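Keeping their order, the protein sequence lines are chains A and B. According to my numbering, the stretch in the first sequence is residues 85 to 508, in order. According to my numbering, the stretch in the second sequence is residues 595 to 855, in order.
These are computed hints drawn from the structure, not numbers from a lab. A quick note: this is a predicted structure, and the numbers were derived from the prediction, not measured. In this text, a Cβ means the ideal position worked out from N, Cα and C, and glycines have one as well. Any given hint might turn out to be false.
What the hints assert, rightly or not - Partner residues aside, some chain B positions facing chain A, computed with beta carbon under 7 Å: (1) Val734; (2) Arg773; (3) Gly793; (4) Leu847.
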Amino acid sequence: MTIKNALRDYGQRYRPRMACLRKAEKVLLEMQDPCAGVKSQPQRLVITIIPHAITGEDIIAWLADRFQIDPQEASSFGSMLVALGYIYPLQDHKRLVIKPDTSLYRFQTPYFWPTQQWPVEDTDYAIYLAKRNIRKKGILELHEQEQYNHLHKWMNHKWDFIVMQAKEQYRAAKERKKPDRVVFDCQERAYWVVHRPPVRKHSQKLPLNNFVEVFEHDLPRPWHSIFIGFKSKFELDYSKKSNFVWASFLSEPFTCRSKIVGENLAFWEGCEDLKWGTAVAMKEKAEQIYKTFLARGAPRWINIDGKTMEITVKGLKHPHRYVLDAAQTHIYMLMKKDSYGRYLKSPVFKETLKKAVNPEEHKFNEVQLEQNARNRRPSLSPIIIRQQEQEQRAKMAASAPVDITQVMSKLSKQGKEMGPRHSK
Amino acid sequence: MPLVNNKVGDDCTASGDKALADGRALVDSLIKVVACYRHLASCVGGCTDSLQLRDELRQTRERAQKLAGDICHHLTSHLRDKSLPEEQRKEMELLWVAFSSCLELLHVDMCKVLNMSGIFSLADSATLVHTGQEGGCSEVAARALSLPDLNEAQAKTLPASLESQERSTMELEVNQIDRMIDDMEMKVNVLRWMVEPHGPQYADPLSSTDSASMALISVDEEQQAPRSQPLCPRSHIFVLLLLFGVFLVAATLSVCVFLFS
Numbered sequence: 085m086t087i088k089n090a091l092r093d094y095g096q097r098y099r100p101r102m103a104c105l106r107k108a109e110k111v112l113l114e115m116q117d118p119c120a121g122v123k124s125q126p127q128r129l130v131i132t133i134i135p136h137a138i139t140g141e142d143i144i145a146w147l148a149d150r151f152q153i154d155p156q157e158a159s160s161f162g163s164m165l166v167a168l169g170y171i172y173p174l175q176d177h178k179r180l181v182i183k184p185d186t187s188l189y190r191f192q193t194p195y196f197w198p199t200q201q202w203p204v205e206d207t208d209y210a211i212y213l214a215k216r217n218i219r220k221k222g223i224l225e226l227h228e229q230e231q232y233n234h235l236h237k238w239m240n241h242k243w244d245f246i247v248m249q250a251k252e253q254y255r256a257a258k259e260r261k262k263p264d265r266v267v268f269d270c271q272e273r274a275y276w277v278v279h280r281p282p283v284r285k286h287s288q289k290l291p292l293n294n295f296v297e298v299f300e301h302d303l304p305r306p307w308h309s310i311f312i313g314f315k316s317k318f319e320l321d322y323s324k325k326s327n328f329v330w331a332s333f334l335s336e337p338f339t340c341r342s343k344i345v346g347e348n349l350a351f352w353e354g355c356e357d358l359k360w361g362t363a364v365a366m367k368e369k370a371e372q373i374y375k376t377f378l379a380r381g382a383p384r385w386i387n388i389d390g391k392t393m394e395i396t397v398k399g400l401k402h403p404h405r406y407v408l409d410a411a412q413t414h415i416y417m418l419m420k421k422d423s424y425g426r427y428l429k430s431p432v433f434k435e436t437l438k439k440a441v442n443p444e445e446h447k448f449n450e451v452q453l454e455q456n457a458r459n460r461r462p463s464l465s466p467i468i469i470r471q472q473e474q475e476q477r478a479k480m481a482a483s484a485p486v487d488i489t490q491v492m493s494k495l496s497k498q499g500k501e502m503g504p505r506h507s508k
Numbered sequence: 595m596p597l598v599n600n601k602v603g604d605d606c607t608a609s610g611d612k613a614l615a616d617g618r619a620l621v622d623s624l625i626k627v628v629a630c631y632r633h634l635a636s637c638v639g640g641c642t643d644s645l646q647l648r649d650e651l652r653q654t655r656e657r658a659q660k661l662a663g664d665i666c667h668h669l670t671s672h673l674r675d676k677s678l679p680e681e682q683r684k685e686m687e688l689l690w691v692a693f694s695s696c697l698e699l700l701h702v703d704m705c706k707v708l709n710m711s712g713i714f715s716l717a718d719s720a721t722l723v724h725t726g727q728e729g730g731c732s733e734v735a736a737r738a739l740s741l742p743d744l745n746e747a748q749a750k751t752l753p754a755s756l757e758s759q760e761r762s763t764m765e766l767e768v769n770q771i772d773r774m775i776d777d778m779e780m781k782v783n784v785l786r787w788m789v790e791p792h793g794p795q796y797a798d799p800l801s802s803t804d805s806a807s808m809a810l811i812s813v814d815e816e817q818q819a820p821r822s823q824p825l826c827p828r829s830h831i832f833v834l835l836l837l838f839g840v841f842l843v844a845a846t847l848s849v850c851v852f853l854f855s
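For reference, chain A alone in the conformation it holds in the complex (with noise of 0.2 Å):
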């Protein structure tokens, strides 16, 4: 079992998506400033007055008059704070979306923060579980049962420490007046809707898909580097099962893995696939994992033992999504305590850690170089750019009888010359 050292990050703070939280941090930090920020108001809960609650249309109008943008776009930015857990719903909390309307919502205190330095532990999470089942008996809904469940039968060596802090952690909450309670509850609530959401099983697609294509078509230019740095945490986070970082290796070129847990890890990207993709292709998905990993003689047969084969390949017979689940969960064991612990102390690895580190310099050819500089466009932000035009626009309209023809043709001349915009 390892003890991680959070300062030893592993090179994550080179990751695009630290960058992109780092933006969104700088956004919520004005949204809460007292003077220039998004108004707040008393949410009242029975004979309870708790402050700082936002509401959906405020924000949505902030965003928009902040960055120059439409309702839409500042609806989308929202939603993708909400999607982070940076700003959390007070009502409908499952649902990580903005409404423009009178919903509230409230700003998620620092220590709930995502940040790429500290994993979320699935200790964490069996603690609050325990906490939750403390507090009344039954009131863990279906999905967080079975996470329960698991978590018991995977961590049982420390469960009584788990309980025990669970039940320390409820006396201490106790401690705390009650409103400022209630807010811890949300504010713990909403951060594991967002790091441990529901499983669906439903073939359609979540959310945040639908919301991670908008911004696909819709952004402007400025949006997109955040829509990068969010895609590929998004889906890191969906790709994690556990607290370790081997996750991130999924998302490296196929070139980094060893042949050591090559085969382990493609295994584990199929599984993930069956369990998360469209009902349709399931049958087809499953056969094909067969073939390439259990059958006998298969190119990529991975080791697992004989039982767990029994069963997974009687399950095949009716494939279900969660089918190859004790393969998986052998194959997740194996490469804890094992493989993946080699791979770690392994030359392959350690050269790859260097070249992430300290990347080597790209060497550019001159025909690239002179591409590049004639690509090159002068850097003017574009709200610069719109103030301009606007300002040109209205010294048109003000100015004496223009031939509306040559106006047309100056602007349509202008708006060639730009070009398509820059991207961060």
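With the hints as your guide, set chain B onto chain A.
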């Protein structure tokens, strides 16, 4: 700590039991302190962040470190003793697993607090996030330090100019915990996945009456969620029960006043 190298069975088991009980008590205290530290850490960077909170964090951290040092010493010395009976060894290993998990939690929380206190300086209170909390966490800190009232232990508060000094101290402490974790792994080889816990899968509900905060959150959900549906009868019943309880208390008090006046 010199061990009693006594071959007489009773004395040996008695001292072993005492060592086990001591170890258990220490680990329980550490778990309590770490739980309180987490609550305090969740307020850093929010609108309730203040010099007092930072001071409480520091005191809680110091207590946790002292306890951790004591437990480490106690458990290491007992687990390295080859004459420890098998049953007691198993119990010690269980304590060991609990202790190392606790230490990991503390380490992560300390790193988070270090990072956040760098980002959120108390000198610029406008950047503190409006999280909706209003009260402080003095009672939680008092619980961590096992004091009836925190005012007893409050040292002079940290002046703002010493924030940087506080940060460097915190960094040293984080590194110290880190080294402790590494040392533990080197000195004693406990196979964590082999220990068997005693406790049940589900903890018993501690108090059935205090579902107040959950009820408040659920009431809020039901208030807003379906505008088309009427308010859930459960929240009606809860409010009615509350009013009825208040009415009963008032009636009892007035009867008492009438009888004894």
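Verification of the supplied hints:
1. Val734: 5 Å, holds
2. Arg773: Violated: closest Cβ of chain A sits about 10 Å from Arg773/B, beyond 7 Å.
3. Gly793: With a minimum Cβ separation of about 5 Å from chain A (threshold 7 Å), the hint on Gly793/B holds.
4. Leu847: 20 Å, violated
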